[in-house]
Every structure is written in C-alpha cells, then in structure tokens.
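**Student:** Residue-level listing of the chains:
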Amino acid sequence: MQETISFTPQLGPSMIAQILWLIPAVPMVASGVIALLKQPKRRTAASLAIGSLGFSLLLALAAFGHVLAGWSHGAGTRETVNFTWIQFGSTNVDLGWVLDPLSAVMLVMVTFVGLLIFIYSTGYMAHDENFTRFFCFLSLFAGAMLGVVIANSLLLLFMGWELVGLTSYLLIGFWYQKPAAAAAAKKAFMTTRVGDVFFLLGIVWLFAQTGTLLFYNNGAGSMEHTALAGLLAQHAAWGLTAAGAIGLLIFAGAAGKSGQFPLHVWLPDAMEGPTPVSALIHAATMVAAGVYLIARVYPLMSAGALTHGLLSGTTAALTVVTWVGAFTAVFAALIAVAQNDIKRILAYSTVSQLGYMMAGLGMGGVAVGMFHLITHAFFKALLFMGAGSVIHGCHEEQDVRRMGGLKADMPLTFVTYAIGMLALCGFPLLFSGFWSKDGILEAGSMWSVSKGPFYMLVFGALLTAFYMTRQVSYVFFGVNRGEQHAHESPKSMTTPLAILAFFAIALGAIGTPAWPWFKAFLNGQAAGFDLHGFAEPGLLALMATSTVVVFAGLLIGWSLYGNKSPKPETPDVLEAAAPLPWKWLRDRLYVDEFYGVTVIAFYGWWGRVADWLDRRVWGGAVSGVAWAFRGWAHLNRFLDTNVVDGGFDKGCEELSTGGGLLSRVENGRVQSYLRLLALGFVLLVAFLIWSSRA
Amino acid sequence: MNPLAGYLLVAALLFAIGLAGALTRRNAILVLIGIELMLNAANLNLIAFWRYGPHPEALTGMMFAIFSIAVAAAEAAVGLGLVIQIHRHAHTTDLDAMNRMKG
Numbered sequence: 001m002q003e004t005i006s007f008t009p010q011l012g013p014s015m016i017a018q019i020l021w022l023i024p025a026v027p028m029v030a031s032g033v034i035a036l037l038k039q040p041k042r043r044t045a046a047s048l049a050i051g052s053l054g055f056s057l058l059l060a061l062a063a064f065g066h067v068l069a070g071w072s073h074g075a076g077t078r079e080t081v082n083f084t085w086i087q088f089g090s091t092n093v094d095l096g097w098v099l100d101p102l103s104a105v106m107l108v109m110v111t112f113v114g115l116l117i118f119i120y121s122t123g124y125m126a127h128d129e130n131f132t133r134f135f136c137f138l139s140l141f142a143g144a145m146l147g148v149v150i151a152n153s154l155l156l157l158f159m160g161w162e163l164v165g166l167t168s169y170l171l172i173g174f175w176y177q178k179p180a181a182a183a184a185a186k187k188a189f190m191t192t193r194v195g196d197v198f199f200l201l202g203i204v205w206l207f208a209q210t211g212t213l214l215f216y217n218n219g220a221g222s223m224e225h226t227a228l229a230g231l232l233a234q235h236a237a238w239g240l241t242a243a244g245a246i247g248l249l250i251f252a253g254a255a256g257k258s259g260q261f262p263l264h265v266w267l268p269d270a271m272e273g274p275t276p277v278s279a280l281i282h283a284a285t286m287v288a289a290g291v292y293l294i295a296r297v298y299p300l301m302s303a304g305a306l307t308h309g310l311l312s313g314t315t316a317a318l319t320v321v322t323w324v325g326a327f328t329a330v331f332a333a334l335i336a337v338a339q340n341d342i343k344r345i346l347a348y349s350t351v352s353q354l355g356y357m358m359a360g361l362g363m364g365g366v367a368v369g370m371f372h373l374i375t376h377a378f379f380k381a382l383l384f385m386g387a388g389s390v391i392h393g394c395h396e397e398q399d400v401r402r403m404g405g406l407k408a409d410m411p412l413t414f415v416t417y418a419i420g421m422l423a424l425c426g427f428p429l430l431f432s433g434f435w436s437k438d439g440i441l442e443a444g445s446m447w448s449v450s451k452g453p454f455y456m457l458v459f460g461a462l463l464t465a466f467y468m469t470r471q472v473s474y475v476f477f478g479v480n481r482g483e484q485h486a487h488e489s490p491k492s493m494t495t496p497l498a499i500l501a502f503f504a505i506a507l508g509a510i511g512t513p514a515w516p517w518f519k520a521f522l523n524g525q526a527a528g529f530d531l532h533g534f535a536e537p538g539l540l541a542l543m544a545t546s547t548v549v550v551f552a553g554l555l556i557g558w559s560l561y562g563n564k565s566p567k568p569e570t571p572d573v574l575e576a577a578a579p580l581p582w583k584w585l586r587d588r589l590y591v592d593e594f595y596g597v598t599v600i601a602f603y604g605w606w607g608r609v610a611d612w613l614d615r616r617v618w619g620g621a622v623s624g625v626a627w628a629f630r631g632w633a634h635l636n637r638f639l640d641t642n643v644v645d646g647g648f649d650k651g652c653e654e655l656s657t658g659g660g661l662l663s664r665v666e667n668g669r670v671q672s673y674l675r676l677l678a679l680g681f682v683l684l685v686a687f688l689i690w691s692s693r694a
Numbered sequence: 001m002n003p004l005a006g007y008l009l010v011a012a013l014l015f016a017i018g019l020a021g022a023l024t025r026r027n028a029i030l031v032l033i034g035i036e037l038m039l040n041a042a043n044l045n046l047i048a049f050w051r052y053g054p055h056p057e058a059l060t061g062m063m064f065a066i067f068s069i070a071v072a073a074a075e076a077a078v079g080l081g082l083v084i085q086i087h088r089h090a091h092t093t094d095l096d097a098m099n100r101m102k103g
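Here the protein sequences come in this chain order: G and P.
Using my numbering, read the first sequence as starting at 1 and increasing by one per residue.
Using my numbering, read the second sequence as starting at 1 and increasing by one per residue.
The hints are simulated quantities; they were obtained by calculation from the structure and are not laboratory data.
Source: prediction; values computed, not measured.
Fair warning: there could be bad hints in the mix.
Heads up, incomplete: computed chain G residues facing chain P, CB under 7 Å, no partners named [said to hold, decoys possible]: (1) 668; (2) 669; (3) 670; (4) 671; (5) 675; (6) 678.
Here are some chain G residues the structure puts well away from chain P; computed CB gaps all over 10 Å [stated by the list, open to error]: (7) 567; (8) 627; (9) 657; (10) 667; (11) 674.
Think of the CB as a built atom: it goes at the ideal place given N, C-alpha and C, for glycine as much as any other residue.
Please model the entire structure based on the sequences and the hints provided.
**Tutor:** Next up, the structure:
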C-alpha cells in the first residue's frame with residue numbers, strides 16, 4: 001500500500017526517477033514566465049522556451065541512459081514514484097510517474113523533436129506579432145505532453161491529455177482573426193472531446209473496478225496481474241469482459257486524439273494553425289499520444305489474450321483497434337490522393353500513418369506500434385517543417401498546383417523533403433519508414449484473426465507512395481507556376497530539417513529484423529546482431545512484396561505527374577480519367593457533410609427545440625409570473641397614489657397651515673414676546689390661586 | 001395684616017410698575033429700567049421672606065439678594081452695552097424697529 005504522507009516518494013527509485021517530474025515541470029514553468037513577458041521580448045521568450053526544453057532533453061537523455069544501463073545489465077527497468085494526491089475516507093487517489101523503456105523512448109523523442117521545432121519556429125514565426133504568445137503555448141504544450149509521457153497514473157495522464165488538448169486548441173486558433181482557424185480550433189476541441197468523454201468513462205470504470213488508477217505499483221497497479229485478473233472475471237455487456245470494455249472506452253479517447261476514423265475530421269482542419277504547430281502537435285507528438293496511451297494500457301488491452309479472446313493471441317479490444325487502424329490507414333490515404341493543399345496532404349497522411357500505428361499495436365504489440373510512432377515522428381516532423389519552409393519560400397502559398405520547380409530554388413529543403421518523403425513511402429532498406437512499416441506488415445501477415453488488415457495496409461502503402469510522389473512532383477519538379485520567385489529559408493529553419501533528415505534515415509537501424517534492438521529494449525530482452533533474423537519464414541517475401549508495392553506507387557505517381565507541371569486550372573490527370581470518384585475523394589468522402597446532416601443537424605434541431613422550450617414554455621412561465629407581479633405592482637401603485645398618499649398629503653397640508661398660523665406669533669418684536677410671557681404668567685398665577693382655593 | 005403682607009404688596013406694586021414700563025415703553029433703555037424694577041421687586045420679596053421666615057438667623061435671603069443684585073448689575077451692563085451697539089448700528093433705540101430677531 002501507499003505511505004500515507006503525501007509527496008513522499010518511496011524509497012528505492014533511483015535519483016533520476018525521483019527527479020523525473022522536472023522534465024515536464026521545467027517547460028511548464030517557462031511557459032508561465034513567458035506568459036508574463038511583454039510582446040517585444042522575443043529573444044527572452046524564445047531563449048526561455050528553448051532553454052527549458054533543452055534542459056528537459058538533457059534530463060530525458062539521462063533518464064534514457066539510466067534505463068539503457070539497467071537494460072544492458074540484463075534487467076528491464078521499471079521505476080515508479082507514487083504519492084497520494086487526494087484522500088477521502090479510506091479511498092486514495094494516487095498519482096505518480098514511471099520510468100521504463102517506453103516512457104524513456106518517448107521522452108527523448110518528444111524533447112528532441114520538440115527542441116528542433118522550437119528552433120525552427122524562431123525562424124518561421126520571426127515576423128509574427130505574437131511571437132511570445134506562441135512560445136508560451138509551445139512550452140505549455142511541451143510540458144503537458146511530457147506529463148502524459150511520464151504519467152504512471154491514468155488520472156495524471158488524463159490531466160496532461162486535456163492540457164495538450166487545450167494547447168492544441170490555442171495553437172490551431174493561434175491566428176484567431178482568421179475565421180477558418182477559429183472554426184478549426186473549435187472543431188478540434190469538440191471532436192476530441194467526444195473521444196475524451198468515453199475515455200473518462202473508462203477511467204471511472206477502471207477506478208470503480210480496481211480502486212486504483214496507477215499503472216504500476218509493486219503488484220497493486222491497475223496494469224498488473226491482480227487487477228487484470230479481477231477485470232477479466234467481470235463480465236460486461238455483449239460478451240465483453242470488463243477489461244475489454246474499459247479498453248474500448250480508452251481506445252475511443254485515443255481515437256479522438258490520434259485522429260482515427262470516425263473522429264479524424266478535426267486533424268486535417270487543424271492545419272490552419274502555424275506550420276511548426278502542425279509539425280509538433282499534429283504530426284509528431286500530440287496525435288501520437290493516443291498511440292502511446294494504447295501502448296501504455298497494452299496490458300489491459302491484451303489481458304486474457306489466450307483464454308478470453310475471440311481467437312488465440314488477441315482480444316476483442318485489440319481486434320477493434322486493428323480494424324479501426326487499418327481502415328483509417330486506407331481511408332485517409334485515399335483522401336490524401338485528391339488533396340491540393342500541401343499541408344492537407346500531409347495531414348491525411350498523418351491520419352493514415354496513425355492508423356498504421358494503431359494496427360501495428362493491435363496486431364504486433366507495443367514494440368511494433370511504438371517503433372512506427374518514433375520513426376514517423378521524425379520524418380513527419382521533417383515533412384511538415386519542409387512544407388513550412390516551402391510555404392515560407394513561396395510567400396504563404398499552400399496550393400501545390402501553384403508551386404513547381406522548387407528543387408532549384410530551395411535545394412536544401414528539396415533534399416531533406418525528399419528524404420522525408422522516401423521514409424514515409426517506406427523506400428526499401430535505406431529509410432527508417434521501411435523498417436517500421438515492414439514490422440507492421442509482418443505482424444499483419446501473421447495475424448490470426450484475418451488477413452484483411454494486411455491487405456488493407458499493403459494497399460495503403462501503395463497509396464502512400466503514390467500521393468507523396470504526386471505531391472513532390474507538383475512542388476519540386478517541373479516549372480514554377482506561382483506568381484513570385486521562391487527563396488530558400490533561413491538557417492534556423494533548414495538546420496533542424498537536416499538534423500531530422502539524418503534521423504529519418506538512421507533510426508531504421510535500430511529496428512531491422514537482423515538487429516531488433518528497439519523491440520528488445522522495450523520488452524526488456526537482450527538484443528543481438530544476427531543476420532538470420534532475415535531468414536524467418538516469409539519475411540524476405542514480405543519485404544519483397546512491400547518493395548514492389550512501394551516502387552509501383554512511386555512509378556505510377558511519377559508517370560502521371562513527374563515533370564508535367566500542368567496549369568493550376570486544368571483538371572488533375574486522375575480527375576480527367578474518373579471525375580466522379582475524384583470529386584468524392586477531393587470532398588473528403590463527405591464525412592464532414594455526413595456529420596453536418598446527422599450529428600450537427602441533430603444538435604441544431606435539438607438547439608431549436610431547446611430554444612422553443614426556453615422561449616415558450618419556461619420563458620412563458622417566467623413572463624407569466626412577471627406579468628402577475630406587474631399587475632400586483634399596478635394595484636399597489638393605485639392604492640399608494642390615491643389612498644396612502646392622499647391621507648399623507650392632507651396631514652402635511654394641515655401641519656403646514658398650523659405652522660403658518662403659529663409663525664405669526666413669532667413676529668420678531670421683543671415686546672410682544674414679553675407680553676405673551678406676562679400673559680402666560682398671569683394665567684399661571686390665576687390658575688395657582690384658583691387651584692389653592694379649592 | 002402682618003408686616004410681611006405689606007412688604008409683599010409693595011413688591012407686587014413695584015413689579016407691576018416695572019412690568020408696565022417694560023411692556024409699554026418703546027425706548028430700549030426705559031424697558032431695561034422696567035426690568036430692573038421687576039428684579040428689585042423680586043429682591044424685596046427675597047429679603048422679606050427671609051426676614052419673616054422660619055430661620056431669620058441664617059442670612060440666606062440676604063446672600064441670595066446680594067447675588068441677585070450683582071447679577072442684575074452685570075445684566076444691566078450687558079444690556080446697556082447692547083443698546084449702545086444697536087444705536088450705533090441702527091441710529092435708534094426704538095424696540096419696534098428691531099424686528100429682525102425672528103428665525
């Protein structure tokens with residue numbers, strides 16, 4: 001059990017685990033300080049934000065090194081620091097943080113990518129009036145996200161979760177004077193709320209069942225064996241165990257944050273925010289929070305996989321995660337094909353890749369999904385920042401049809417963007433995306449429930465290669481169709497691109513089948529370099545398949561779009577071939593419109609009903625009462641003016657008349673006073689004499 | 001008729017004369033003289049009641065009368081001073097002309 005004194009960490013955790021809370025706290029404090037700065041204090045704001053996150057990065061690296069050292073000695077590290085937050089009666093609500101391979105990897109990724117994006121932002125936002133506000137929000141975001149990562153309690157995670165939701169709202173709506181940005185911010189906030197309601201229900205249910213929200217607590221946490229066994233014994237509706245039902249509720253929250261179908265609609269609109277925000281929040285970190293959450297509660301999701309699942313090796317919750325992820329991957333990739341906004345293409349690509357991660361988690365476990373999360377964070381941040389550099393260089397143009405030929409004007413951006421694009425497509429052997437996507441496809445090919453997700457994901461890979469080729473051809477090849485000449489971006493923007501490009505290639509090395517370092521590290525096993533990893537049955541065939549698919553996508557894309565540079569007004573090649581499906585895809589398969597005529601229409605109707613009720617029924621009752629009181633008041637006024645006031649006025653009149661009469665006596669002549677005095681005296685004497693006689 | 005009644009009658013007469021003077025004269029000085037007469041009628045009464053009262057040996061009435069005379073002297077001084085000031089101000093000592101004392 002917990003010690004009763006709050007804020008006293010248990011004995012045992014190492015130094016670095018005990019000060020782990022500093023990692024989110026420092027950027028948050030920096031954000032608070034920046035909030036107090038005046039608008040012109042740009043340098044101070046940027047230095048504070050970058051400095052605090054740099055400090056967090058150093059701490060994160062130290063924590064990572066600590067976990068690494070423990071792992072190299074052959075033991076998986078999992079250190080927790082828990083404390084009681086609130087105590088009512090005999091119930092404790094505990095919070096805490098955890099240092100294990102999963103959180104260590106995420107910490108390094110978030111702080112590193114975040115730091116690069118902060119630096120990039122100093123260039124990208126250099127001319128913005130509200131520079132300090134931007135860095136205040138960015139810092140707050142970084143703190144909140146790091147809070148999500150280190151949380152050892154579902155409640156603490158939820159707090160960080162809602163805070164990143166808030167900062168996402170603030171940053172999407174950063175240019176709030178643009179109506180589209182304001183609307184997108186609202187949409188993002190409300191759509192993720194839908195998932196969060198389910199998430200909160202899951203949290204409450206979990207607390208009710210297990211009495212704790214801590215993940216790990218020396219055997220008493222909710223992700224540990226005792227609690228899970230209890231949850232498995234409990235049956236909810238539709239043949240689900242309580243574990244499965246809670247897992248699905250939590251997945252609904254993750255789906256909202258990670259833009260899974262059907263809650264993906266906010267993510268493409270979120271691109272109205274500044275590009276560094278798109279890169280940091282809506283590509284690399286926040287949207288990955290949903291995937292991280294599922295990885296964190298994976299013991300819950302996979303609980304009873306062998307005994308209670310539909311088939312051996314999986315559970316109902318994981319099956320749902322897989323199908324939703326696979327469907328989202330294909331669905332978003334299809335839409336991305338027909339988009340023309342450079343950031344919107346990347347946004348749909350992000351949705352699609354998040355689907356891959358979810359499917360990877362569902363079919364292959366934590367390591368597979370998380371590996372794609374990490375590699376994706378690097379190359380998608382790279383792509384978004386490259387897109388930001390392009391937009392910057394093209395004078396805020398975002399339509400890919402009005403770009404072209406930029407490879408000569410922006411060589412550094414082109415090279416790094418091409419690396420990011422090839423990583424995203426999964427170009428064989430050289431790029432990180434290939435290995436992480438391959439892990440997911442491998443898991444899919446071995447999944448026992450169905451081969452459906454595997455084929456969907458392969459098709460998604462084809463589409464990914466295709467739409468990225470289309471985008472790159474439009475932007476960097478052919479001739480420039482914009483009105484103005486493009487220019488290369490400043491060093492503060494291109495340097496982070498180069499660093500990210502390096503990692504977009506190099507990160508693949510830690511997750512190849514021959515050296516599955518990442519998987520071993522997350523699972524706390526030993527990793528060895530062994531070329532026989534490739535000799536697993538079917539693996540080479542799978543790699544060959546995905547290679548063929550990627551090349552097919554690249555070639556089809558290049559043959560349709562390469563160096564063609566059509567006029568912006570002419571219809572797309574595919575549009576000319578199949579106008580109707582193209583229109584469907586361009587209009588994003590009408591999900592928004594569907595919500596418009598269902599959910600939003602319902603709420604509009606319900607709002608009108610409520611309005612009618614308010615005006616007619618409740619308003620009528622209120623105005624009836626008001627009317628009655630007004631009548632009563634009129635009666636009172638009549639009585640007042642005619643009865644009370646009349647009497648009072650008469651009395652006053654008499655008093656004043658009497659006063660007038662009496663005042664004649666007081667005429668100012670001293671002798672008349674004296675006479676009255678004498679008269680009174682005589683009367684008094686006469687009375688005395690008369691009365692004494694009697 | 002005992003001697004006290006004679007004193008009281010004289011005092012009453014004196015008071016009545018003083019009152020008549022104070023009420024009928026228009027000249028402020030004459031009104032003051034009337035008031036003095038009334039005061040002295042009161043003094044006469046004090047002495048008379050002391051002398052024929054139950055304790056003629058206690059000198060209380062005489063003391064009272066002397067105080068009264070002293071106060072009357074002060075009052076006369078203040079009254080005459082006021083009359084002089086009014087005369088300087090309004091060039092008259094007619095009391096009917098001084099009717100500005102009402103509130």
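**Student:** Determine for every hint whether it applies to the structure shown.
**Tutor:** Hint check:
no.: 1; hint: 668; in the structure: holds (4 Å)
no.: 2; hint: 669; in the structure: holds (5 Å)
no.: 3; hint: 670; in the structure: holds (6 Å)
no.: 4; hint: 671; in the structure: holds (6 Å)
no.: 5; hint: 675; in the structure: holds (6 Å)
no.: 6; hint: 678; in the structure: holds (6 Å)
no.: 7; hint: 567; in the structure: holds (103 Å)
no.: 8; hint: 627; in the structure: holds (53 Å)
no.: 9; hint: 657; in the structure: holds (19 Å)
no.: 10; hint: 667; in the structure: violated (6 Å)
no.: 11; hint: 674; in the structure: violated (6 Å)
Of the numbered hints listed earlier, those contradicted by the structure are 10, 11.
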